[in-house]
Amino acid sequence: DTAVSQTPKYLVTQMGNDKSIKCEQNLGHDTMYWYKQDSKKFLKIMFSYNNKELIINETVPNRFSPKSPDKAHLNLHINSLELGDSAVYFCASSRIQENTGELFFGEGSRLTVL
Amino acid sequence: RKEVEQDPGPFNVPEGATVAFNCTYSNSASQSFFWYRQDCRKEPKLLMSVYSSGNEDGRFTAQLNRASQYISLLIRDSKLSDSATYLCVVNRPPGRRALTFGSGTRLQVQP
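Those sequence lines, one after another, are chains A and B.
Numbering-wise (the working numbering), the first sequence opens with residue 1 and increments by one.
Numbering-wise (the working numbering), the second sequence opens with residue 1001 and increments by one.
With the rest of the complex left out, here is chain B (with noise of 0.2 Å):
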């Protein structure tokens, strides 16, 4: 079983829809959560961090649920500019040093 596995898509969307990515993780020890953001032939880019409680950014909400080792990402009114690939991220422990990425989930907003 892959340390992170994600949808690789793509999800194809028009403008102002609302699309949710999901991820799960293998190590029930992790401890770090997160999304990252990578444009076409581009470098990664962190997006948000993702609190056991939920969180919010603008458009953007990540939720954890650790019974189920699942990650989630919602974009709420999706623009052209969101068309990337979301990674999901999650540490490896021991430690919070080593990141292991998803293989990303691409997301494609048409007009």
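Chain A on its own, in the form it takes in the complex (with noise of 0.2 Å):
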């Protein structure tokens, strides 16, 4: 079973479209995350979700939306896209009373705007 899953795993639009990724987690996890990596490889955070509160919401453009329907789901919407948002989009959850600093990954989704 895939603990954190990510869909689509690829995603090629137009600059100007608005497109969505999905995310679950079945870890039971108490916290989730969207993260970013771009060309150089550097992987930044963009929001947390704390049971299905928002806890964290770097200087993204809010053009980027992320929607937490339950704590298993993180969804990112993305509206009007522009070529600068070609990147992998990673989503990740962690239990937060351990502490521990493991984040769990799902497989990423990368994003092509051309």
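These aren't lab readings, by the way, just hints derived from the structure by calculation.
Virtual Cβ for every residue (Gly too), placed ideally from N, Cα, C.
A few of these clues could be false.
Claimed, not checked - Computed spacing ranges between beta-carbons, pair by pair: (1) B:G1058 with A:P69: 37 to 45 Å; (2) A:T59 with B:R1066: 24 to 32 Å; (3) B:G1058 with A:R63: 41 to 49 Å; (4) B:A1098 with A:K67: 15 to 23 Å; (5) B:A1067 with A:N51: 31 to 39 Å; (6) A:N51 with B:K1079: 37 to 45 Å; (7) A:N51 with B:A1020: 38 to 46 Å; (8) B:E1056 with A:T13: 45 to 53 Å; (9) A:K44 with B:R1066: 23 to 31 Å.
Hints are included, so try docking the two chains, each in its own frame, into the full complex.
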């Protein structure tokens, strides 16, 4: 069973379009995250939710809107896509009480904006 | 100054070699430190936590120098399967939830 699954794995789209990436975790974790890894391999946190509540919101353009319908799901919607949005987007989860620093990542969604 | 800095490499070493990676972090209030491993086109995975007294896990040894804000990872007896990118990770205070990742050091172990 895949612990953190995200779909789609690959997404190719035109500038100006709107797209969504979905993420689900079956680990029973309290906290979920979206990270962006750009072409230079920097992995940057975008958002974090704890039990459906937004707890981290980095300086991300408001074209990016996360939605957490329940603590097992965290989706990412992106409006008016730009070339610079091309990256790999990783969803992750963790059990906050353990405080071990172990994030469980999904396999990533590679977004290419043309 | 970047929050977490690493030498990007690549480090090309023969099998059996010992290799060391270094990392510096900028926030002196950080309290949690980790090394993650990321294979090509895969997701990052936790390799090991880094404790103040230093810690070892098989062929891997991690050390922390709080005074210098410096973290290291030593890999002994390198295997081909160790080829990957090693990410230095530090929590960003306050709290421990937000983790800042370095850009990684690429290791290529050659036969």
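So, going through the hints one by one against the coordinates:
no.	hint	verdict
1	B:G1058 with A:P69: 37 to 45 Å	holds (41 Å)
2	A:T59 with B:R1066: 24 to 32 Å	holds (28 Å)
3	B:G1058 with A:R63: 41 to 49 Å	holds (45 Å)
4	B:A1098 with A:K67: 15 to 23 Å	holds (20 Å)
5	B:A1067 with A:N51: 31 to 39 Å	holds (38 Å)
6	A:N51 with B:K1079: 37 to 45 Å	holds (41 Å)
7	A:N51 with B:A1020: 38 to 46 Å	holds (40 Å)
8	B:E1056 with A:T13: 45 to 53 Å	holds (46 Å)
9	A:K44 with B:R1066: 23 to 31 Å	holds (25 Å)
Violated hints: none; the structure is consistent with every hint.
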